[in-house]
Amino acid sequence: MAKNLTTRDEDYSKWYNELVIKADLAENSGVRGCMVIKPYGFAIWEMMQAELDRMFKETGHQNAYFPLFIPKSYFSKEASHVDGFAKECAVVTHYRLKTAEDGSIVVDQTAKLEEELIVRPTSETIIWDTYRKWIQSYRDLPLLINQWANVVRWEMRTRLFLRTTEFLWQEGHTAHATKDEAIAESEQMMNVYADFVENHMAVPVVKGLKTESERFAGALETYCIEALMQDGKALQAGTSHFLGQNFAKAFDVKFANKQGKQEYVWATSWGVSTRLMGALIMTHSDDNGLVLPPKLAPDQVVIVPIYRNDEQFDAVSEVANNLMKDLRAKGVRVKFDKRDTHKPGWKFNEYELKGVPLRIAIGPKDIEKGTVEMARRDTLTKEIVETTAVEARVEVLLEEIQDNLFTKAVNYRSAHTTQVSSYDEFKKILNEKGGFISAHWDGTSATEEQIKKETKATIRCIPLDTDNKAGRCIVTGNISARKVLFAKAY
RNA sequence: CGGGGUGUAGCGUAGCCCGGUUAUCGCGCCACGUUUGGGACGUGGAGGCCGCAGGUUCGAAUCCUGCCACCCCGACCA
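For the first sequence, my numbering assigns the number 1 to the initial residue and increments by one for each residue that follows.
Just so you know, the hints here were simulated from the structure itself, not pulled from any lab data.
One or more of the hints may lead you astray.
As the list claims (entries may be wrong) - Straight-line C-alpha distance at most 27 Å; calculated DSSO-like pairs for lysine-lysine:
#, residue 1, residue 2
1, 14, 38
2, 452, 14
3, 254, 133
4, 488, 87
5, 233, 261
6, 343, 382
7, 325, 347
8, 133, 57
9, 330, 57
10, 427, 453
11, 72, 254
12, 338, 325
13, 452, 87
14, 207, 469
15, 335, 369
16, 87, 233
17, 261, 249
Work the whole structure out from these sequences, hints included.
Spelled out as structure tokens, the structure:
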């Protein structure tokens, strides 16, 4: 059993914070709102990056890198965009320090910048300023670029991975000749995200559209994927925006079409961030610690030796090393933990806390019988397996664990998605059960705002796979074209 | 930015109201020995600008003032 881990029932957010720290994923730094991502946490992020990067490239995108600093004036070019980010920007005003008379380090006031630089909260402006120079003809389109970067948003309140002042993400920025093509790109990337999150992270998502008030600053349409956490709160896991011609007009990005006529290009942007780590942790983990889906686990299998003396250790090691070699040849990520500084029991708990999907223990009894003990992290069950059968069994179990985690999460979500037909029922479900609430809404921002004020629930999305049955808004009783998905959100 | 709270060893803490020996305890750390199939035990040891600065006092972790940081609640969060 994990020592001192607060349970989810006791205090969910305390459980989350402790888990992040104890599983060695990240910790708070000396810098307000900024976290240190520790090696184990970063290894998981790298697994995510590698797969996403592969998917982006498979859909024709290329990576590039744009500056961290954006001149202030760039922001004023697209009005709604600056409105969305103005309140949370870090601003660079000086470029030099000096030693004061009392020996302290101070900002050199004579080194003031002509124009302040903004630490990017997102890169639309600098990228579109650059695209102007890259795009002249329809032959230059589509332009399909992604960048892996850090961004800064000066949030009032931060939480490890879920909302930090600085965070890591990827942002795709594409330019297209036609509106339809740009919309198709936004939809495609939403689907890529959904594919990744469901099939690699084993986290089920609802694909949908954001309402006008929840839309990205500067977008005409925001596609999103929404996931449900174990405490019944929703988490926006990724967004893909159709930007129309807003940025093309703001940054004067035109191309000559086949008829030689100048046209503004059509744009999209899309991103996912280290917040996905939060989604991964909160979806699968339990009171014993982290639970990782095999596809993203830095170590899929760990082998723990049990021995009393050198002779036994040598015998166990021989079996372990052979297993490791065979499993690695099959592409399984496996580690043999032969540290003599910790006891087996300590290691069992350690790997449980860190969410390693499969643990293999090999001791003197196993050597005698030609077996090993295998333990699953997701079900906490153990089985004895013939050494010769381990390789095949590992492959089966890794797949089973991946599927099981997804199925469990889907079941949880189904059990916590409620259809309601009145506002009273809505409030009751929200307070007593939480989760997604599917209800009719009259489509106005006023009603949406009223619900948010009165209940703290927001419209997570207008689901795309809904059956579009008309009805009456639960608040106003006005005509509603379809049900939308509400929840309290992170 | 408003309301509340907390800063004592790497971490978690006692002491603070009511000033007075060498600042308490647990975890962790180091050494040695016994241990090793679910977070071992014993013995010994190291580790402290008591958040920072000033003040009161013979004497301050303790009282006073200012500052800083963090946490919680609100506001904020495309």
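Status of each hint after checking the structure:
1. 14 x 38: Between residue 14 and residue 38 the Cα gap is close to 19 Å, so the pair holds against 27 Å.
2. 452 x 14: 25 Å, holds
3. 254 x 133: 10 Å, holds
4. 488 x 87: The hint holds at about 23 Å.
5. 233 x 261: 50 Å, violated
6. 343 x 382: 19 Å, holds
7. 325 x 347: 21 Å, holds
8. 133 x 57: Given pair residue 133, residue 57 holds - Cα atoms ~23 Å apart, limit 27 Å.
9. 330 x 57: 25 Å, holds
10. 427 x 453: 12 Å, holds
11. 72 x 254: Holds, at about 23 Å.
12. 338 x 325: Measuring from Cα to Cα gives roughly 15 Å; hence the hint holds.
13. 452 x 87: 21 Å, holds
14. 207 x 469: 18 Å, holds
15. 335 x 369: OK: residue 335 and residue 369 at ~23 Å, within 27 Å.
16. 87 x 233: At roughly 26 Å apart (the allowed maximum being 27 Å), residue 233 and residue 87 satisfy the hint.
17. 261 x 249: 16 Å, holds
In summary, the one numbered hint that this structure violates is 5.
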